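Please arrange chains B, C and D with the ligands on chain A, whose structure you already have, making use of the hints.
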Amino acid sequence: MDIDLARTWVQAIAAAVDQHKDHLTQLDSAIGDADHGINMQRGFSAATAALAGLEPDTVGAVLVKTGTTLISTVGGASGPLYGGAFRAIGKPLDAPTVTPGQFAAALADGLASVRKLGAAAPGDKTMIDAYAPALAAFQQQVDAGADLAAAALAAADAAENGMRATTPMQARKGRASYLGARSIGHQDPGATSTALIFRALAETAVAR
Amino acid sequence: MDIDLARTWVQAIAAAVDQHKDHLTQLDSAIGDADHGINMQRGFSAATAALAGLEPDTVGAVLVKTGTTLISTVGGASGPLYGGAFRAIGKPLDAPTVTPGQFAAALADGLASVRKLGAAAPGDKTMIDAYAPALAAFQQQVDAGADLAAAALAAADAAENGMRATTPMQARKGRASYLGARSIGHQDPGATSTALIFRALAETAVAR
Amino acid sequence: MKKLINAPEAVLDEALAGIAAAHRELTVDAENKVITRAGGTAAGKVALVSGGGSGHEPLHGGFVGLGMLDAACPGEVFTSPVPGQMLNAAQAVDTGAGVLFIVKNYTGDVLNFRMAAELAGEEGITVETVLVDDDVAVQDSTWTAGRRGTGATVFVEKIAGALAEQGADLATVAEMAKRVNAASRSFAVALTACTTPASGKPGFDLPEDEMEVGVGIHGEPGRRREKLRPAGEIVATALKAILADQPLVARDETIVMVNGLGGTPLIELYVVFNEVAAALAGKGVVIARSLVGNYVTSLDMAGVSITVCKADADMLSLWDAPVNTPALRWGV
Amino acid sequence: MKKLINAPEAVLDEALAGIAAAHRELTVDAENKVITRAGGTAAGKVALVSGGGSGHEPLHGGFVGLGMLDAACPGEVFTSPVPGQMLNAAQAVDTGAGVLFIVKNYTGDVLNFRMAAELAGEEGITVETVLVDDDVAVQDSTWTAGRRGTGATVFVEKIAGALAEQGADLATVAEMAKRVNAASRSFAVALTACTTPASGKPGFDLPEDEMEVGVGIHGEPGRRREKLRPAGEIVATALKAILADQPLVARDETIVMVNGLGGTPLIELYVVFNEVAAALAGKGVVIARSLVGNYVTSLDMAGVSITVCKADADMLSLWDAPVNTPALRWGV
Ligand SMILES: Nc1ncnc2c1ncn2[C@@H]1O[C@H](COP(=O)(O)OP(=O)(O)O)[C@@H](O)[C@H]1O
Ligand SMILES: Nc1ncnc2c1ncn2[C@@H]1O[C@H](COP(=O)(O)OP(=O)(O)O)[C@@H](O)[C@H]1O
Ligand SMILES: [Mg+2]
Ligand SMILES: [Mg+2]
Ligand SMILES: [Mg+2]
Ligand SMILES: [Mg+2]
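Protein chains in written order, with this note's numbering: chain A, 4 to 211; chain B, 4 to 211; chain C, 10 to 341; chain D, 10 to 341.
So here's chain A without its partners, still in its complex pose (with noise of 0.2 angstroms):
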């Protein structure tokens, strides 16, 4: 992971929004106040244009910057959350290149930034739903000496069948809590997101 390939992939991120964003909206809907779509292209539109203003000398200087920036522009739950995990995946890459293993580290930085926010455990029908089997599955790739492409790809893969994953589930937290077992039976809009940003990755990565 180099600082271009950060930079490309938070633009990925941007563009696989705004295409998604109806359906991000759609299942906001559902079984919560359908915003999430816009949320996120708010965020990530705000991050890439902060991004073009930026000179980084590190790839944790562009996941700080949209980190930050998702924070300042998103409100709502995902803001922080988002807006605090890429602060805090962003803040130990302090090197204009990193090495898989470094990144998986960062990554788990921010699963726990999530978790710590959020206070979600696995199976409360959140992100973490799709974030946690991702990041396991990108630790194991590179553990097994692959290279961030698989890594990533193996993480996308986890992380949608993670977002599908939450349909059955009853939320515990968040939004989508208020209805009870009524949330049975929807796709959580967040492990939704979370699946794309892995899919971002993937798609960076594999094409450099």
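These aren't lab readings, by the way, just hints derived from the structure by calculation.
Derived, one-sided and incomplete: chain B residues facing chain C with beta-carbon distance under 8 angstroms:
#, residue
1, D36
2, A37
3, T76
4, L120
5, K176
6, R178
Bear in mind the structure is a predicted one, so any value in this text is a computation, not a measurement.
Using N, Cα and C, we set each Cβ at its ideal position, and we do this for glycine too.
Quick look at chains B, C and D with the ligands alone, frame taken from chain A:
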């Protein structure tokens, strides 16, 4: 026309209004404010209730009481117009029995009351467009020597023709006038209730 | 039909009971359906009475109180109250100084209030009547019953009410009420029809991309149907009609009301007000005072009415005078 | 979607411009999206800051003014504002006496206000936070994010705001805010879904004869769907849930709000209030103060929320203290 027939007439109007309430409301919904059915029902059910407690000495007493009750219960445009009309019809009929000729003159007083109060003319798409031809037909029959039943039958037919003739008219008075040319193509609710009133008269007289 | 009611025929009585329970500063005569100030009308004060069909809340009951109305008589939904009710209201509040009837120009209201004025006269009550007819969507011609009375009612009641509170006599109060009406113009559009409890069905069907332009406040269709347009264009249409009838030039002072018809979120009313403010500012016209909110509604209709009053110094100072009613309150 | 707007993405900015144009007693920082009192906060006064997603108007901007909030930060529609915005608000109104953040209990609001409190602390501003969580439709269990904050926000802002105006210190104001929240319970039903400008579609489909029971204020479905019932039965359901959680006995004094969700005519709210008043009177519970109207809305949603606060003498006297905001005004 005698006291009992007058009372039966008012009861027959109340029954007709009950039956056609939704139709009147629907007509008023298209070019007005969707209350003509309930207005008429409120008024005539109050009138029959008021008559139930009355021991009238004259035909006029029945009809004046009906008019007064309409004025004090209907509201809207139709309340004062019909109320004033029934009071005007009743006023000259201060006998227990009146001739068809006396009744025709009284009906003319009723129309005059409507015209004076509402300042509408034939062709303005109001109750007058049913009332005026009904009165003319009634008068003509009476002039030709017909009895009440025959005159009332002719009046009811004429009222219904007049009612139907309001459809192509553009309203110039009342609420429908606000629609301008868009009032064209709809039958006037007040002309429709006037036709019910004359039909009730005919049926009451024929049943006798 | 979806309504938070028990039965269509009980709505008015129960709403009146709710008003009585919610507002101790008001007295509700449930039998006669008359709302008055709990404290009564001050000795010697000219009394203001208004009324009309229900379904326009807070109009009229919400404007009873210090500095505005002395009594309101609500009719059935969209139906003028009856003369006896108006007479009751006049009798309840007349102090001998006379009563001003504030009547929106609809055939039903006009006829019933005219009868009530006659009855009141027979009872020795001096009555003056002001007809409110501010809606420029309807031309005043032999082809109509004249312009409808809509939003300007609030302006007339507020300003004439303040003058009455200051001790002006009936003729003076009535004249001011007429001046306010003459200086006011309104125009409204609807995005949806409304549903009366008794009919249970929307008054008209409106496709998802269309609006009714030039509607009144009784759920009737408007003057024409058009494609839904952005707020800025809707405001331009409304102001064009208003200004064609009442030209305004730079430095003219106005009172402006952007009024929701019942089903429009307040955030949209602010968007509309922003457009009105920008458009009038572009002509140098001053919005000296304003109201944004639901004041003269049409049940659950989504839509907006815009009322502009070209206000002189007297009107502005009377506007600022204390008012203490459920729906309008300041300076007290 | 039918809305009186220009473009979905422009709604918030334009509504803020409209608020600025309509209310000279407020100052709107358009860039930072912060609404404050035009006169600023009095020296030494504890400042109250609230905020949350837009679409709930008049909440929160309509409650900025003497005796209530010092600043409001509106987020995008149904989206919490961002920490920077809250920090801006705190900086704009802190007099050194500290700032109370009044936060409705939603994950987004909680997280963003928590970050803002940290940022404010770094800037040397003392911040206390009160979480409003009054909605008894949601149980506070490990299965939820806790109860939602809804109508009680108005009670907390009014009563704590009055105390701050009297010169109480931050700890005292915060404690009173928490007491008011602890004494308040709400329950809401929806007859229709609402439509956000950005999504353009109703949040859910509801058959003509059904209602959503136990909804919040963000257009989400409720706890369950039921056949539409008469107002009296709906009120019984709501009060049962409220009283199960906060028992009330004869002679208890309460402040009651019957709040429209945006698309409900005021006449229906009075019908509902009448039922609430009758039901509480049946238990001997006293409605000492009340509000009936649109205070905490959910865009164009038709429906009602009922909030009951078991009020002590302090709360009642603070309730009566002067308040001068666009949406709540008395005693001034
Ligand atoms: N406590 C939490 N921990 C982790 N993720 C959460 C939490 N609460 C909510 N989320 C995620 O946030 C998503 C909703 O984001 P968004 O719609 O942007 O915010 P909001 O719920 O404030 O409208 C949910 O689908 C869920 O995945
Ligand atoms: N000026 C008038 N003269 C005669 N009839 C009128 C006049 N204005 C209205 N009407 C009649 O009244 C009818 C409407 O009555 P109704 O719906 O009960 O009253 P409102 O129009 O006040 O709601 C119209 O259909 C019309 O026939
Ligand atoms: Mg959401
Ligand atoms: Mg009608
Ligand atoms: Mg009517
Ligand atoms: Mg949200």
